[in-house]
Amino acid sequence: MKILVCIKQVPDLESRFKPNASNTWFDEADLAYRMNEYDEYAVEQAVQLREECGDSSDLTVLSIGPDRVVEAIKKALAMGCDRAVHIQDQAVSSRDPWQIASIISAYAREHKFDLIFTGMQSQDRGSAQVGAMLAELLGVSCATTVVGFSCKDNVVTAKRELEGGVKGVMRMKTPALVTCQLGLNIPRYPTLPNIMKAKKKEIIALPVADLLKEESLAKTTSFHPPAKKGGGLLVEGDIADQVDKVLALLKEKTAVLR
Amino acid sequence: MKTLLIGEFREGKLLDSTYELFGFAGQAADEPVMFMVGSETQLPSFGGRLYLADAAACGEYNPDLHKQLILNVVQKENPDRIVFVHSSYGWDLAPRVAVALKAAQVSEVVAIQEGGFEVGCCNGKMRRIVKPSTPQTVITIQAGAFQGVQPGGTPQVTRLAAPGGGTMEFVGYEPAEEKGVDLAKAEVIVSAGRGVGKKDNVAIIAALAKALGGELGASRPVVDAEWVAHDHQVGTTGQTVSPKLYVACGISGAIQHLAGMKKSDFILAINKDKDAPIGEVADVLVVADVMQFVPALTAKLAK
Ligand SMILES: Cc1cc2nc3c(=O)[nH]c(=O)nc-3n(C[C@H](O)[C@H](O)[C@H](O)COP(=O)(O)OP(=O)(O)OC[C@H]3O[C@@H](n4cnc5c(N)ncnc54)[C@H](O)[C@@H]3O)c2cc1C
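Listed in order, the protein sequences are those of chains A and B. Numbered per the numbering used here, the first sequence spans residues 1 to 258. Numbered per the numbering used here, the second sequence spans residues 1001 to 1303.
Some hints could be false.
[To be verified] If we take Cβ atoms under 10 Å as the criterion, some of the chain B residues that face chain A in the derived model are:
| id | residue |
| --- | --- |
| 1 | Leu1093 |
| 2 | Val1097 |
| 3 | Ala1103 |
| 4 | Ile1112 |
| 5 | Thr1137 |
| 6 | Val1171 |
| 7 | Glu1187 |
| 8 | Ile1204 |
| 9 | Gln1239 |
| 10 | Ser1242 |
| 11 | Leu1268 |
[To be verified] With a straight-line Cα cutoff of 25 Å, these simulated SDA-like cross-link-like pairs (lysine to any residue) come out:
| id | chain 1 | residue 1 | chain 2 | residue 2 |
| --- | --- | --- | --- | --- |
| 12 | B | Lys1274 | A | Asp58 |
| 13 | A | Lys159 | B | Gln1068 |
| 14 | B | Lys1274 | A | Asp244 |
| 15 | B | Lys1131 | A | Val147 |
| 16 | A | Lys173 | A | Ser57 |
| 17 | A | Lys228 | B | Glu1178 |
| 18 | A | Lys159 | B | Lys1274 |
| 19 | A | Lys159 | B | Glu1178 |
| 20 | B | Lys1198 | A | Glu252 |
| 21 | B | Lys1198 | B | Ile1112 |
| 22 | B | Lys1179 | A | Lys173 |
| 23 | A | Lys228 | B | Val1171 |
| 24 | B | Lys1272 | A | Gln90 |
| 25 | A | Lys200 | A | Asp58 |
Simulated from the structure, these hints should not be mistaken for laboratory data. C-beta atoms are modelled at their ideal positions from N, C-alpha and C, and glycine is treated no differently.
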């Protein structure tokens, strides 16, 4: 079984975001990066499948971006991926989902993967497009927003999460793609021995120009904070003062303190 | 502009979110036509043209087939926009349709803007304006962003035959888990978010809930990490609540969480990040470390 997992590196979302010079995305200076949360579930599921299938299987992790994304790739290798593909792209943040899906499909088409895992969306862009677009470009079956997964005899059973906690169960034959939702599994922490082992694993670097043949279909024309809608009262300062202020407000504005 | 709206139908029922599509079309001053896989007995209140495929024949979930039906209608109607709700149905189907048409897709639109569409990003902290450059555009709208509108009337129905096929087999629905705790009845809910740091700290949040005579709630990551049981989860995939007082402890305020609690009478948030999007709905945002503020508040309440 040949397995691919696609990951994205995203900034820590507790950061403050400032627009970049062209006002189309955030300024990358001073931001700390990590693996997109949804992709951690994708890597974990791919590694579990890799373990189930044993040595007849092979798991590649792929990420597009500048050199910093190698950090996220190394984490995926330490979690148990066999090898990595780093598609080097300095301009990754200006690509639209269509271009990202096109780049990955150009790579994946040649390698004929049986199963592809992606996150259901990225935490920073949140478009939820790339996985399903990739499946469509490759002409493989696809289940999105998956919170339950098993694969036996080349048949995938996937549990999709619907609104209000209802789930939809579906089956499809490989080759297939699933986009992973929060809660699918509990992603493992890489252990020290596995981090050491990962250092010896191969990271294949490919320039994006070899794979990108498509123009973007949509452009970002502005990046800005949301308009403040009046908003609430900000209580800052010393903890004891904050407690007193909050108690006074709760007494005044709610009927719950008796 | 001509707009094809994709209605939603699940477990035998027309979904209310379908009317938000008319809200979008109204704001855009578009001429709407609707497509849906649904039932004759559950027609939307809309006097325009409706292309209807029978869910009993096509399956409520069969993306290959639904995509093909939509593409057939697109060919007939040649719409400028194809609009879905950003839901488990819409975000699943929209990219498939967009690729087939090689049309730009704009996801989770919150507003129509001069020259483009406004969408959220960075977990709700920032916004982008996205401008499509293709003649046809596929759009998904954020649930709740466009007020639902019932245009009224009875649709002129064009029935579509089920073309058959599809590579995916729908096995069935699994109902939501039984609720052990009915948060909807609670007057006070104190919820723990990922900002509480670790499982052991949940007890400190629960102690505040107790001191206020309320129930413990939780954001999803706290539930996924098994710090708190699922029946305490608030949000689109958990419970929807509107207590007299909602206290959000270390919760960023992602749209899926807000959808479950923004109708609360009074919202108190504790967050160390004063730009956290929870501030948009909170009546009071205390900028502090939850692990310092919450025990101090609980102690004072006990006096
Ligand atoms: C289809 C779908 C459905 C979803 N359904 C739900 C749902 O039903 N309910 C739900 O909650 N989410 C849901 N989510 C997930 C949602 O998008 C967010 O990921 C989630 O709500 C974030 O939870 P959080 O705020 O606890 O964590 P985070 O977003 O990680 O936020 C943690 C917050 O804590 C603050 N913080 C950190 N440390 C401290 C400290 N020491 N003191 C004070 N503050 C601190 C940070 O500043 C941050 O604002 C869904 C997502 C998807 C895609």
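Practice prompt. Please work out if A/Lys159 and B/Glu1178 have their alpha carbons no farther apart than 25 Å.
Written response: Holds - the C-alpha atoms of B/Glu1178 and A/Lys159 are around 18 Å apart, at most 25 Å.
Worksheet item: Is the Cα-Cα distance between B/Lys1131 and A/Val147 25 Å or less?
Response: Given that 25 Å is the threshold and the Cα spacing comes to 33 Å, the pair is violated.
Practice prompt. Would you mind confirming whether the straight-line C-alpha gap from B/Lys1198 to B/Ile1112 stays at or under 25 Å?
Written response: Cα-Cα ~41 Å, so violated.
Fill in: Interface hint compliance - B/Val1097 to chain A, C-beta minimum distance less than 10 Å
9 Å, holds
Discussion item. Please check whether B/Thr1137 passes as an interface residue: C-beta within 10 Å of a C-beta belonging to chain A.
Written reply: 8 Å, holds
Fill in: Hint check, B/Gln1239 versus chain A [nearest Cβ-Cβ separation less than 10 Å]
Status holds, d = 9 Å.
Worksheet item: Between A/Lys228 and B/Val1171, does the CA-CA distance stay at or below 25 Å?
Response: Given that 25 Å is the threshold and the Cα spacing comes to 45 Å, the pair is violated.
Worksheet item: Hey, A/Lys159 versus B/Lys1274, does the alpha-carbon distance stay inside 25 Å?
Response: This hinted pair is violated, its Cα atoms lying about 37 Å apart.
Discussion item. B/Lys1274 and A/Asp244 were given as a pair; does the straight-line alpha-carbon distance stay at or below 25 Å?
Written reply: 19 Å, holds
Practice prompt. Given the hint that B/Lys1198 pairs with A/Glu252, test it: the Cα-Cα distance must not exceed 25 Å.
Written response: Between B/Lys1198 and A/Glu252 the Cα gap is close to 33 Å, so the pair fails against 25 Å, i.e. violated.
Worksheet item: Can we keep the B/Ile1204 interface hint, with Cβ of chain A closer than 10 Å?
Response: 14 Å, violated
Worksheet item: Quick one, are A/Lys200 and A/Asp58 close enough, alpha carbons at most 25 Å?
Response: 16 Å, holds
In summary, the numbered hints that this structure violates are 4, 8, 10, 12, 15, 17, 18, 20, 21, 22, 23 and 24.
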